[in-house]
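Undergrad: Listed below, chain by chain, are the residues.
Number of protein chains: 2
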Amino acid sequence: MILDLAMSYSGYWGRCLEFLKKNNVEVGRLVRVQAEPSYHGIVMPRYEHSDDTHIVLKLKNGYNVGLEIEKISQIEVEPSPPARKESPEHPHADTSLPKILLLSTGGTIASRIDYRTGGVTPALTAAELNASVPELSQIANIDTEVLFSEYSENLMPEHWARIAERLNSCARSDYKGIIVAHGTDTMQYTAAALSFSLLGFPKPVALVGSQRSSDRPSSDAATNLISAARFLVSTDATGFFVVMHNSSSDDEVACHWGTRVRKNHTSKRNAFQTVGGSPAFIIKNDTIEKNALFCTPKREFAPRISFNERVLLLKYFPGLDPEVMSRAVASGCRAIILEGTGLGHVGKSMYEPIKAAKRKGLFVGMTSQCIDGSVRMTVYDSGRDLLSLGVVPLADMIPETALVKAMWALGNAKDAGEMERLMRENLSFEISN
Amino acid sequence: MILDLAMSYSGYWGRCLEFLKKNNVEVGRLVRVQAEPSYHGIVMPRYEHSDDTHIVLKLKNGYNVGLEIEKISQIEVEPSPPARKESPEHPHADTSLPKILLLSTGGTIASRIDYRTGGVTPALTAAELNASVPELSQIANIDTEVLFSEYSENLMPEHWARIAERLNSCARSDYKGIIVAHGTDTMQYTAAALSFSLLGFPKPVALVGSQRSSDRPSSDAATNLISAARFLVSTDATGFFVVMHNSSSDDEVACHWGTRVRKNHTSKRNAFQTVGGSPAFIIKNDTIEKNALFCTPKREFAPRISFNERVLLLKYFPGLDPEVMSRAVASGCRAIILEGTGLGHVGKSMYEPIKAAKRKGLFVGMTSQCIDGSVRMTVYDSGRDLLSLGVVPLADMIPETALVKAMWALGNAKDAGEMERLMRENLSFEISN
Chain W
5 MILDLAMSYS
15 GYWGRCLEFL
25 KKNNVEVGRL
35 VRVQAEPSYH
45 GIVMPRYEHS
55 DDTHIVLKLK
65 NGYNVGLEIE
75 KISQIEVEPS
85 PPARKESPEH
95 PHADTSLPKI
105 LLLSTGGTIA
115 SRIDYRTGGV
125 TPALTAAELN
135 ASVPELSQIA
145 NIDTEVLFSE
155 YSENLMPEHW
165 ARIAERLNSC
175 ARSDYKGIIV
185 AHGTDTMQYT
195 AAALSFSLLG
205 FPKPVALVGS
215 QRSSDRPSSD
225 AATNLISAAR
235 FLVSTDATGF
245 FVVMHNSSSD
255 DEVACHWGTR
265 VRKNHTSKRN
275 AFQTVGGSPA
285 FIIKNDTIEK
295 NALFCTPKRE
305 FAPRISFNER
315 VLLLKYFPGL
325 DPEVMSRAVA
335 SGCRAIILEG
345 TGLGHVGKSM
355 YEPIKAAKRK
365 GLFVGMTSQC
375 IDGSVRMTVY
385 DSGRDLLSLG
395 VVPLADMIPE
405 TALVKAMWAL
415 GNAKDAGEME
425 RLMRENLSFE
435 ISN
Chain U
5 MILDLAMSYS
15 GYWGRCLEFL
25 KKNNVEVGRL
35 VRVQAEPSYH
45 GIVMPRYEHS
55 DDTHIVLKLK
65 NGYNVGLEIE
75 KISQIEVEPS
85 PPARKESPEH
95 PHADTSLPKI
105 LLLSTGGTIA
115 SRIDYRTGGV
125 TPALTAAELN
135 ASVPELSQIA
145 NIDTEVLFSE
155 YSENLMPEHW
165 ARIAERLNSC
175 ARSDYKGIIV
185 AHGTDTMQYT
195 AAALSFSLLG
205 FPKPVALVGS
215 QRSSDRPSSD
225 AATNLISAAR
235 FLVSTDATGF
245 FVVMHNSSSD
255 DEVACHWGTR
265 VRKNHTSKRN
275 AFQTVGGSPA
285 FIIKNDTIEK
295 NALFCTPKRE
305 FAPRISFNER
315 VLLLKYFPGL
325 DPEVMSRAVA
335 SGCRAIILEG
345 TGLGHVGKSM
355 YEPIKAAKRK
365 GLFVGMTSQC
375 IDGSVRMTVY
385 DSGRDLLSLG
395 VVPLADMIPE
405 TALVKAMWAL
415 GNAKDAGEME
425 RLMRENLSFE
435 ISN
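Taken in sequence, the protein lines are chains W and U. Residues in the first sequence are numbered from 5 upward in steps of one, following this note's numbering. Residues in the second sequence are numbered from 5 upward in steps of one, following this note's numbering.
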């Protein structure tokens, strides 16, 4: 939850603003309010479109309460408590425990409301995140580091590369595993990017996010972090996993393959799902269950950290202007991932731009907007037409994973032949059938 | 299943081709084969990439069998049976039953292998489809009509309009309901298009498809058609529904709201799901269960059959070239439906093209690529930034439905104000929260 605190009366207007100004009360101040009953708390900023008749206090128990200003007989500002001391790196370092690195990149998991100012610390430092979940120190000896602080909708392939470079530098370290705290919006894209660029990485890496900010009673941050730490210290698996709630309660956390996971709900805590199968591991209170299909392929660690963004993920729909593709091709796009219909089709209207793309040597791959199931382009005329135009069927690769893989393959392949070979090969569980 | 019958030895090559030519046997001929055991059946075309050592026969029981040519001691062509008589319009017309119109538009449901020629009739006529499911004549008195014969990946908004016009002409007819046989690839788009363009349509309409062609033992065509007919004759609901298998067995068929349904699997018979809730009706062997939330809104029938295709559905991803949107705007696109991340976000890189679109008066709406859940753009900075740029949050509208609705609204609204009002209003269950 992010609140704009540019003004000290943020979100208040009309009668409320007048009331606060008259009493010299600004957002973020600790106040004692005489009303029925009386309250003691911090004045919170308000959201846009709020009414002008209530002020909001954050009480010591963490709950917010809205108070009608007409019913307030008196409001007094109290001296603010001293600024909270930053947490030390290792609150309770226990050197007998395995070591984990906790890298923070931003996102909801690294956000909290600062109860001292009533405002927001958009980036909770990794150290604070660690300290806010004391259970972690009983599982591992955790080093913390802030790599950057961005909501994940603003992450770009250059950020994937920065995370990959930092992880790469840990490949031979004494960390048992690494947690990457990450926003959930594009977590699946980053997980796929790491899976390809650090193929064969010799340690387990857990991407962990939360759907509710860490200071909310319903936050999933602590459970996800604790489960990830437990998984990392106990598993012999390596590679990249997304570790998030598996049910709406707190008793099950799923550990998804980094290339087969998708955010399939906007807000639920169990928004992430393994597409076309079950998660790699299920972490329960007492056990960690391994998927019978899970194995860590014996693959030599071969980091290839380069992404070429000149790829378009294009979802087909009736009436799509074929020029959208033609213009992308004319403007330097080097690969197209189509999100076709059904078993991997697009309308005949797209044949010309596909031919033009192939004439220019572009890679054109087919995935399905059905998300689940697999592309099969030999069943119908449309599919066979597209095959004969040179469109490459990408089996049951998730469209978003196919996009990321294409950016990676384009950034690393020496020619079109290697690009196509990389795209067709099952490198990191991205193809399951 | 579509087979290319351009040549009379379609799919055969090498030793098989030689064998067939030597014995004067062409694809589609009825043959008697001496081998261990002997067979009697029709020579079928083969798929690409087949070997050159087997020929395939379709037996009378419907099964295909592959025969090794080396083990065939003799093969004789028999006289072909007389051409199958086209089915009459009403095989067993029972005028006491309610009347249903069965409109065929093409798709897998209207495809079959013609056992007489061994080839394919890419469009089973509606009359044949009706005749192939004799149970239908016990439920309703069915008129049949072929509107067109297209696989649905080739359907365009102009086809939506043609279907809508034909249905519109039936609004005051004596049909109790109408079945539209349709390919599954873009069925959800057509269902949404009909829902908006024929708002308040006074009869129930069932879009019915099949995931397996009608002549395959595992075909879902008959069950879906019978269920649709039962639903249409018994319901007091009106409007547009997608009627498809609800489980992988044959005992449950779902009747989805036309604006809330999505093809979520490439091949399963129960590929269609109601997003964000349960289907409107579940049709079982003996019962039709109504969703407790179902109601037919009392809305005056107001057909507005016009679609403007100048809409782009744009899925956001890290590294998306903002120029894809800019170029679309510069080229005359009039509305953009963004498929954002999470609660309805795109990276800051998209702010400039969004501003440019808004300056030109375009409608820009936000949906989520999570598919499930609802856009909520007041929670994070990114969402609030986009709201302030004029992006319209589209609640839990499915992206594909939002696209179709935008094409329809653009085709009918007199100005930008009406366009936005139509997009925000819940017209036909497209918004459920």
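Heads up, a few of these hints could be off.
Given that identical chains are not distinguished, each listed pair holds provided it fits within a single copy or across any two copies.
Unchecked claim - No farther apart than 20 Å at their CA atoms in a straight line, the calculated lysine to aspartate or glutamate pairs in the EDC-like style are these:
| hint | residue 1 | residue 2 |
| --- | --- | --- |
| 1 | LYS352 | GLU313 |
| 2 | LYS352 | GLU162 |
| 3 | LYS26 | ASP147 |
| 4 | LYS272 | GLU82 |
| 5 | LYS294 | ASP325 |
| 6 | LYS75 | GLU293 |
| 7 | LYS288 | GLU429 |
It should be emphasised that the hints constitute simulated quantities derived from the structure, not laboratory data. Remember, predicted model here, so these are calculated numbers, not experimental data.
Undergrad: Hint numbers the structure violates, sorted upward?
TA: 3, 4, 5, 6, 7
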